[in-house]
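**Student:** With the hints as your guide, set chain D onto chain A.
Here the protein sequences line up with chains A and D, keeping their order. Per full-length UniProt numbering, residue 1 is the first one in the first sequence, and the count goes up by one each step. Per full-length UniProt numbering, residue 1 is the first one in the second sequence, and the count goes up by one each step.
Accuracy of the hints is not assured; some may be wrong.
Simulated pairs of lysine-lysine, DSS-like, Cα-Cα distance not exceeding 30 angstroms [unchecked claim]: (1) Lys28/D <-> Lys155/A; (2) Lys145/A <-> Lys48/D; (3) Lys123/A <-> Lys48/D; (4) Lys19/A <-> Lys145/A; (5) Lys79/A <-> Lys39/A; (6) Lys79/A <-> Lys40/A; (7) Lys28/D <-> Lys117/A; (8) Lys28/D <-> Lys79/A; (9) Lys155/A <-> Lys123/A.
In case anyone wonders, no lab produced these hints; they're calculated from the structure. Owing to the predicted nature of the structure, the values given are computational and were not obtained by experimental measurement.
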Amino acid sequence: MERQIINKKKRVFSVEPNKIPPSEVFTRKYTRLLVPALKKLNMNKNSSQANQLTVKHEVDMALALSAQEFAWSRFLLQKLSSSNNPTTTTSSSSNGIRIQKRSGKEGGDEDGEIEEKLRELQKLLPGGEEMNVEEMLGEIGNYIKCLELQTIALKSIVEDTT
Amino acid sequence: MSSRRSSRSRQSGSSRISDDQISDLVTKLQHLIPELRRRRSDKVSASKVLQETCNYIRNLHREVDDLSDRLSEFLASTDDYSAEAAIIRSLLDY
Numbered sequence: 001m002e003r004q005i006i007n008k009k010k011r012v013f014s015v016e017p018n019k020i021p022p023s024e025v026f027t028r029k030y031t032r033l034l035v036p037a038l039k040k041l042n043m044n045k046n047s048s049q050a051n052q053l054t055v056k057h058e059v060d061m062a063l064a065l066s067a068q069e070f071a072w073s074r075f076l077l078q079k080l081s082s083s084n085n086p087t088t089t090t091s092s093s094s095n096g097i098r099i100q101k102r103s104g105k106e107g108g109d110e111d112g113e114i115e116e117k118l119r120e121l122q123k124l125l126p127g128g129e130e131m132n133v134e135e136m137l138g139e140i141g142n143y144i145k146c147l148e149l150q151t152i153a154l155k156s157i158v159e160d161t162t
Numbered sequence: 001m002s003s004r005r006s007s008r009s010r011q012s013g014s015s016r017i018s019d020d021q022i023s024d025l026v027t028k029l030q031h032l033i034p035e036l037r038r039r040r041s042d043k044v045s046a047s048k049v050l051q052e053t054c055n056y057i058r059n060l061h062r063e064v065d066d067l068s069d070r071l072s073e074f075l076a077s078t079d080d081y082s083a084e085a086a087i088i089r090s091l092l093d094y
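The shape of chain A in the complex, shown without the other chains:
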């Protein structure tokens, strides 16, 4: 019964019901995944650090599950599922493909800087170090977008609860 009420009050953005903007799709998925997961958590009354890690784990998990069409989400999911201890979103792997310095150094410093920044960027993207350059370039844009949407969704959830 509640669902019917929700549907009636939902604003319609376009005439064609299937054309929901991807950003909205993501944000809804994310919220619907995260909120029930948070509700299931047993919060530890004594250790706030344990709670932080647990919640962070769910936050990251919801991100990975909401964006499964992207390669980086699979890497993130792997990382989350394989560790019992929840991790932060920064990658710690250094076994993957590294961006190498090009030869032919005209204006050498600039090139070196760019390579360095690219490596930095690679580390920030989940699975970035395991991707080839083409893939990484394709993934970085949607990763940034999803991070932004995640932030918006989280703000909205936090505001609802405080």
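**Tutor:** Just chain D now, with coordinates in the frame of chain A:
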């Protein structure tokens, strides 16, 4: 003057990055990163764009961490988290 358009960039598994790829990436990032959109200058160095991107991603990570901590504080302090109310409100907002 040797050409920097290396034929090695044609290998799909290659980790060597070509000028074209860099310039494509930079263009894409310029539209994505708010800081760079605001400046609207044609002559932004690739290195600067990459630096701003890294900073932006790190900031987003920090913001998410911070929001996540606030959530966890809230959850720990209450036994009575009304998840349904939160879901309904979020759905109505969209």
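**Student:** Work down the list of hints and note, for each, if the structure agrees.
**Tutor:** Against the structure, the hints come out as follows:
For the proposed pair Lys28/D and Lys155/A, the alpha carbon gap of about 27 angstroms is at most 30 angstroms, so the pair holds. Only pairs whose Cα atoms come within 30 angstroms are accepted, and Lys145/A paired with Lys48/D is accepted, the gap being roughly 20 angstroms. Simply put, Lys123/A and Lys48/D have alpha-carbon atoms about 17 angstroms apart, close enough for the 30 angstroms limit, and the pair holds. A distance of roughly 19 angstroms separates the Cα atoms of Lys19/A and Lys145/A; the hinted pair therefore holds under the 30 angstroms criterion.
Among the hinted pairs, Lys79/A with Lys39/A is consistent with the structure: their alpha-carbon atoms are about 23 angstroms apart, no more than 30 angstroms. Note on Lys79/A and Lys40/A: the hinted pairing holds, with a Cα-Cα distance of about 22 angstroms set against a maximum of 30 angstroms. For the hint pairing Lys28/D with Lys117/A, the CA-to-CA distance comes to about 16 angstroms; that is within 30 angstroms, so the pair holds. With a C-alpha separation of about 28 angstroms, the suggested pair Lys28/D and Lys79/A falls inside the 30 angstroms cut-off, and the hint holds.
Between Lys155/A and Lys123/A the alpha-carbon distance is near 26 angstroms, which keeps this suggested pair within the 30 angstroms criterion.
In summary, the structure agrees with every hint in the numbered list given earlier.
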